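Visitor: Given chain A, work out where chain B should sit, using these hints.
Chains as they are written, first to last, in our numbering: chain A, 1314 to 1504; chain B, 30 to 280.
In case anyone wonders, no lab produced these hints; they're calculated from the structure.
Since this is a predicted model, take the numbers as computed values, not measurements.
Worth double-checking, as some hints may not be accurate.
Taking lysine to aspartate or glutamate pairs in the DMTMM-like style, the calculated list, with each CA pair at most 20 Å apart, reads [to be verified]:
1. LYS1452(A) <-> GLU121(B)
2. LYS1452(A) <-> GLU276(B)
3. LYS1452(A) <-> GLU192(B)
4. LYS1452(A) <-> GLU172(B)
5. LYS1452(A) <-> GLU188(B)
6. LYS1452(A) <-> ASP248(B)
7. LYS1452(A) <-> GLU236(B)
8. LYS1421(A) <-> GLU1391(A)
9. LYS1452(A) <-> GLU123(B)
10. LYS1452(A) <-> GLU189(B)
Listed next, the stretches of chain A that the computed footprint assigns to chain B, with coverage defined by at least 3 CB atoms under 8 Å from CB atoms of chain B [unchecked claim]:
11. 1349–1358
12. 1401–1410
13. 1459–1473
14. 1490–1499
In this text, a Cβ means the ideal position worked out from N, Cα and C, and glycines have one as well.
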Amino acid sequence: MNKSKRIKSIIFLTLILISTLISYNCERDDICAESTPTTPRLLVEFYDATEQDELKSVTRLTVYGEGLADNPTDENTEGTLIFNTNARAIELPLFIGLEGEPTISRFKLEKDTNLRLNDNPNNNSNIDIIEIEYTTEFKYVSRACGYKSVFNLIDVEINPDGDDDDLWIESEEIIEILVENENTVHVHIFH
Amino acid sequence: MKTQYMYTSFIKSSILLLLFSTMVMAQEEKKTVKDTLIYKQKYGLRLGADISKLARTFFDDNYTGFEVMGDYRLTKRIYLAGEIGNEEYTLENEVLSNTTKGSYFRGGIDLNFYKNWLDMENMIYVGFRGAASTFSQTLNSYEIYNVYNQYWNQQFTVEEGTEYSGLTAIWAEIIIGIKAELFNNFYAGINAQLKGLITETAPNDYENLYIPGFNRTYDSGRFGVGFGFNLSYLVPIFKKDKVVVQEKEKE
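Just chain A, same shape as in the assembly:
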């Protein structure tokens, strides 16, 4: 009988080890799934200025954050979101500012990029600047993804410095003031 007790104590000692190992393994970190909606981008669609219900693509559009790129020459240039492409819509990643404080992101929208890239000095592309002002709000997502930022749009302005007298964009309109996900378009641009 004493022998069986000794065997039991040996079994228990191994079980201690197993139980500690299991409890460690169960604390593994989860992975944030790609399908989880986190910080959204600002979705912009281009419409016809005269026929305001009609989507109208912008010819040879190049978009980049102001200060991130300068006259990019190919799509691999850092900061280039879209390069020399006919586009009906663009997605703009916004700069995340301190929570609740007005923050500004500026993008350069270059139309007819091909005219800059060709050798003809008589024609050139047309760059318009778009300035987006918003406040950030941080929201909890999950233990694996942490927090995301949503944006409350304050203003979207074309030609914010007022020094561009050759605009290809006619006007803009905020469709959705709260940029919470990428399921809806937030801003329309008419040209």
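Guide: Same frame as chain A, but now just chain B:
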């Protein structure tokens, strides 16, 4: 060659088996008498502590905790059982750091399903518990998860330290475990717990990532798991007779 050998061995073993079974039959025909044995069984309060939590406190920098347990034998098979504990755990991953602090109580019964041999008093048991915890969570820091954060060369981390206090949780547990007497009145036990969360108060814009006693929560549902290894000492209060009837062969 080989198949032939296999056949012969098969036949041989079948014959042996037949012979053996007839021998058993013959034995059963022998007359038996009933022999009654009486063993004293100890009843009392068993007190102990969870050693795995102490070990984890020692090895895991993000964890501090202890649990004391006790059970009281009501009948031959039913024990009144409970645990009280305190835990502090810091969850740290790539996107957040959260510290949970709090105490818990678990109470219920253990049912012994092990038919003990002679004078042994071991347990293989199933336990049921109702449990409650009060705790606080401190969100030490978090990151804004942004797939495009490299665009503005941004890694936005908020060092905050928001404390959410006055949180509570209530859950139920099913336990499967064993307890064995290693020395006189000194027991060791191991158990696994399956927990189902009944209700919890969580912060409005956040969630309970860890609940003391319940362990980590899962995004997928209300279930949790736990493991325990405990050492305990039985304070014998009284003894009861255990009657064992054995059948013996008549000489």
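Visitor: Three or more residues of the region 1401–1410 of chain A near chain B by CB distance under 8 Å?
Guide: The restraint on the region 1401–1410 of chain A holds, since 3 of its residues have a Cβ under 8 Å from chain B and three suffice.
Visitor: Mind checking the alpha carbons of LYS1452(A) and GLU192(B) for me, to see if they're no more than 20 Å apart?
Guide: 16 Å, holds
Visitor: Next pair to validate is LYS1452(A) with GLU172(B); report whether the Cα-Cα distance is within 20 Å.
Guide: 11 Å, holds
Visitor: So if I understand the rule, the pair passes when the alpha-carbon distance is 20 Å or less; does LYS1452(A) with GLU236(B) pass?
Guide: At roughly 12 Å apart (the allowed maximum being 20 Å), GLU236(B) and LYS1452(A) satisfy the hint.
Visitor: Closer than 8 Å, Cβ to Cβ, for at least three residues: run that test on the region 1459–1473 of chain A against chain B and report holds or violated.
Guide: Coverage by chain B holds here, the residue count being 4 at a Cβ distance below 8 Å.
Visitor: Would the pair LYS1452(A) and GLU189(B) pass a check requiring their Cα atoms to be no farther apart than 20 Å?
Guide: 14 Å, holds
Visitor: Is it true that the CA of LYS1452(A) sits at most 20 Å from the CA of GLU276(B)?
Guide: Outside the cut-off at roughly 72 Å; violated.
Visitor: Check whether the Cα positions of LYS1421(A) and GLU1391(A) lie no farther apart than 20 Å.
Guide: 14 Å, holds
Visitor: Taking only the CA atoms, is the gap from LYS1452(A) to GLU121(B) under or equal to 20 Å?
Guide: Between LYS1452(A) and GLU121(B) the Cα gap is close to 19 Å, so the pair holds against 20 Å.
Visitor: Count residues of the region 1490–1499 of chain A with a Cβ under 8 Å from any Cβ of chain B, then say if the count reaches three.
Guide: violated (count 0)
Visitor: Are the Cα atoms of LYS1452(A) and ASP248(B) separated by 20 Å or less?
Guide: Measuring from Cα to Cα gives roughly 16 Å; hence the hint holds.
Visitor: Count the residues of the region 1349–1358 of chain A with a beta-carbon closer than 8 Å to any beta-carbon of chain B: does the count reach three?
Guide: holds (count 3)
In the structure shown, a violation is registered for the earlier hints numbered 2, 14, in ascending order.
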